[in-house]
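S.K.: So the chains spell out like this:
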Amino acid sequence: MNAMTTRAERKQKFVLQGIPFIIFGIAAIPIWKALKKTDAADMQVVSPNVLSMLLNDLYILLSVSCLAILLGIVCAFYLEEWLPKNNWARRLIESHVAILTSIPSTLYGILAISIFFSYAGTLKVIDGAPPAQNTESIPFQRNTTLFCGEVLTFIFMVTPVTIKTTQEALRSVATPVREAVFALGASQWQVLRQHVVPIAFIRILAGGCRAMSRAFATAALLIGIYIWYDTTDAGGMSGRFILFLAVSLFLSVFSSSLTEVYDSDLTQRS
Amino acid sequence: MNHSIETENLSLWYGDFQALIDVNVKIPDGQITSLIGPSGCGKTTLLRCFNRVNERYGNVTTEGKIEILGKNIYDPDVSLPELRKAVGMVFQRPNPLPISVYENILFGLRIHSPMRSLTRTESDQIVEEALTSVFLWEDLKDKLKARATSLQLEQQQKLCIARLLPLKPKIILMDEPCSALDAKGTLAVEELMEVLAGTYTFLIVTHNMAQARRVSEECIFMFLGELIEHRETQALFDEPKHEKTADYVQMRYG
Ligand SMILES: Nc1ncnc2c1ncn2[C@@H]1O[C@H](COP(=O)(O)OP(=O)(O)OP(=O)(O)O)[C@@H](O)[C@H]1O
Ligand SMILES: [Mg+2]
Numbered sequence: 001m002n003a004m005t006t007r008a009e010r011k012q013k014f015v016l017q018g019i020p021f022i023i024f025g026i027a028a029i030p031i032w033k034a035l036k037k038t039d040a041a042d043m044q045v046v047s048p049n050v051l052s053m054l055l056n057d058l059y060i061l062l063s064v065s066c067l068a069i070l071l072g073i074v075c076a077f078y079l080e081e082w083l084p085k086n087n088w089a090r091r092l093i094e095s096h097v098a099i100l101t102s103i104p105s106t107l108y109g110i111l112a113i114s115i116f117f118s119y120a121g122t123l124k125v126i127d128g129a130p131p132a133q134n135t136e137s138i139p140f141q142r143n144t145t146l147f148c149g150e151v152l153t154f155i156f157m158v159t160p161v162t163i164k165t166t167q168e169a170l171r172s173v174a175t176p177v178r179e180a181v182f183a184l185g186a187s188q189w190q191v192l193r194q195h196v197v198p199i200a201f202i203r204i205l206a207g208g209c210r211a212m213s214r215a216f217a218t219a220a221l222l223i224g225i226y227i228w229y230d231t232t233d234a235g236g237m238s239g240r241f242i243l244f245l246a247v248s249l250f251l252s253v254f255s256s257s258l259t260e261v262y263d264s265d266l267t268q269r270s
Numbered sequence: 001m002n003h004s005i006e007t008e009n010l011s012l013w014y015g016d017f018q019a020l021i022d023v024n025v026k027i028p029d030g031q032i033t034s035l036i037g038p039s040g041c042g043k044t045t046l047l048r049c050f051n052r053v054n055e056r057y058g059n060v061t062t063e064g065k066i067e068i069l070g071k072n073i074y075d076p077d078v079s080l081p082e083l084r085k086a087v088g089m090v091f092q093r094p095n096p097l098p099i100s101v102y103e104n105i106l107f108g109l110r111i112h113s114p115m116r117s118l119t120r121t122e123s124d125q126i127v128e129e130a131l132t133s134v135f136l137w138e139d140l141k142d143k144l145k146a147r148a149t150s151l152q153l154e155q156q157q158k159l160c161i162a163r164l165l166p167l168k169p170k171i172i173l174m175d176e177p178c179s180a181l182d183a184k185g186t187l188a189v190e191e192l193m194e195v196l197a198g199t200y201t202f203l204i205v206t207h208n209m210a211q212a213r214r215v216s217e218e219c220i221f222m223f224l225g226e227l228i229e230h231r232e233t234q235a236l237f238d239e240p241k242h243e244k245t246a247d248y249v250q251m252r253y254g
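Residue numbers (my numbering), protein chains in the order written: chain A, 1 to 270; chain B, 1 to 254.
By construction, these hints were calculated from the structure, which means they are not laboratory data. For clarity, every value in this text was computed on a predicted model and none was experimentally measured. Glycine included, every Cβ here is placed at the ideal spot set by N, Cα and C. Please note that a few of the clues may not be correct.
Stated by the list, open to error - Examples of chain B residues lying across from chain A (beta carbon under 10 Å, computed):
no.: 1; residue: 60
no.: 2; residue: 74
no.: 3; residue: 78
no.: 4; residue: 79
no.: 5; residue: 80
no.: 6; residue: 83
no.: 7; residue: 88
no.: 8; residue: 93
no.: 9; residue: 111
no.: 10; residue: 112
no.: 11; residue: 116
no.: 12; residue: 118
no.: 13; residue: 185
Based on the sequences and whatever the hints tell you, model everything.
M.R.: Structure below.
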């Protein structure tokens with residue numbers, strides 16, 4: 001099939017895959033500016049209570065990445081189970097996903113810092129919310145721009161990886177067996193709920209954990225850089241560093257043990 | 001004689017390609033009918049029309065009429081789940097679900113009935129009945145919790161037949177059900193069909209002439225999307241009316 005693509009198909013593919021490059025190209029301009037004048041002042045945080053700050057941080061990032069994973073899973077189900085194979089939207093998203101997943105995760109961190117810091121001014125207007133004044137209810141007073149940046153970076157990092165792993169998990173459910181379930185009179189929804197999801201579940205979960213682990217590792221790395229940059233350790237950054245590393249490590253070990261369960265399950269099956 | 005399946009000028013296109021051309025066929029009730037023809041002549045396509053699974057392939061257009069058990073299956077008030085309950089299908093490669101034998105048998109019922117509406121005793125009984133009808137009960141009664149995909153191929157294929165039975169189908173469509181089985185498995189499945197015929201109407205696609213002769217009362221020969229000849233099996237093989245039928249039957253047979 002691949003070798004036999006027509007000229008028109010190749011043309012279309014080229015255009016579709018070109019779009020992400022253009023987007024990254026546009027993004028590269030502020031990066032260039034940012035690299036020239038990154039100001040550590042944006043990162044200054046004040047906290048009376050290091051522990052609650054750490055937990056607060058972890059809590060936010062965990063919930064954000066869970067949301068990103070959920071988004072990825074929904075997206076993958078839609079692409080894989082509802083859109084036809086040669087749908088243009090499907091090809092557009094898949095080529096983006098392919099590019100986003102092939103970017104090394106460190107690069108995301110660096111891109112994120114540069115882009116979001118340099119856009120600090122504009123983003124503040126967009127998200128609008130003034131920083132909370134009551135430092136007692138919110139122990140860690142966040143810079144809203146930074147926060148939005150983190151959220152967006154997490155979504156950009158976690159979602160494509162989840163889409164890819166979920167799609168692979170769904171494809172691993174054998175088509176002949178799906179057909180049998182259809183022929184027994186099941187609806188598309190029943191096929192998914194009663195047959196596909198139970199089989200693919202562990203792999204989907206493992207993929208989500210892997211994506212999350214990647215994101216936490218990158219966050220830890222960035223904090224590491226920051227510590228190196230600012231040795232005063234304001235705001236308990238080294239605590240954060242260790243916490244993130246631990247979470248990342250835990251998630252990756254968890255994910256690989258899940259994959260092992262799945263694989264042993266598979267060998268039993270055949 | 002009554003007919004379970006009746007088509008009238010049935011044509012089907014995959015995109016621009018016409019895979020079925022004006023097929024008119026009547027399949028008798030409670031008998032085994034076989035469907036033969038060279039590769040790519042539309043046997044599977046015709047079979048898939050009868051439980052409307054062709055529609056899943058997106059670019060399919062169908063014209064003409066299909067009546068199953070006296071009801072036009074393209075009427076707007078036809079419920080697909082009910083149609084597929086009445087018309088079961090067995091595939092070329094045994095494809096049991098990768099769950100236990102017990103759950104495989106109940107899977108169809110679970111799709112068609114509300115959650116947890118089956119009691120334990122009911123389901124035990126259903127499983128025993130279904131496995132007994134396909135002669136698997138003795139072999140599998142101690143292995144009900146085993147994964148269905150770990151069984152021998154022959155047992156898997158019988159299980160695939162057994163899982164249709166709790167839904168009380170009227171018609172069972174089989175697409176080359178024995179091509180993955182050895183001689184012994186093939187005979188076992190044929191024997192099973194002969195026992196079940198009468199209760200169910202069978203339509204079986206096969207590339208094995210000897211099998212068509214052994215099991216079926218009537219035989220349909222198809223060629224390039226057209227139905228060429230449909231007669232009693234014996235007659236079709238011994239004195240084919242049509243040249244193409246003769247060529248096919250003799251080429252494969254001699
Ligand atoms: N989903 C599809 N999309 C497009 N063309 C198809 C599709 N399925 C089948 N065809 C074409 O329709 C024709 C009939 O196919 P079909 O599978 O019904 O043949 P068959 O008689 O079952 O062949 P075989 O003996 O090899 O199983 C073939 O030419 C095939 O290429
Ligand atoms: Mg076929």
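S.K.: Hint by hint, say whether it matches the structure.
M.R.: The hints, checked one at a time:
1. 60: Violated, because the Cβ-Cβ distance from residue 60 of chain B to chain A comes to roughly 12 Å (cut-off 10 Å).
2. 74: violated (17 Å)
3. 78: Cβ of residue 78 of chain B sits 12 Å from chain A, so the hint is violated.
4. 79: At about 9 Å, which falls below the 10 Å cut-off, the nearest Cβ of chain A leaves the hint on residue 79 of chain B intact, so it holds.
5. 80: holds (7 Å)
6. 83: holds (8 Å)
7. 88: Nearest chain A Cβ about 7 Å off; hint holds.
8. 93: This interface hint holds because 6 Å falls under the 10 Å limit.
9. 111: For residue 111 of chain B, the interface hint holds, since the closest Cβ of chain A sits about 5 Å away, which is under 10 Å.
10. 112: Holds. Min distance 6 Å.
11. 116: Violated, because the Cβ-Cβ distance from residue 116 of chain B to chain A comes to roughly 14 Å (cut-off 10 Å).
12. 118: With Cβ-Cβ at 14 Å, over 10 Å, it is violated.
13. 185: With Cβ-Cβ at 18 Å, over 10 Å, it is violated.
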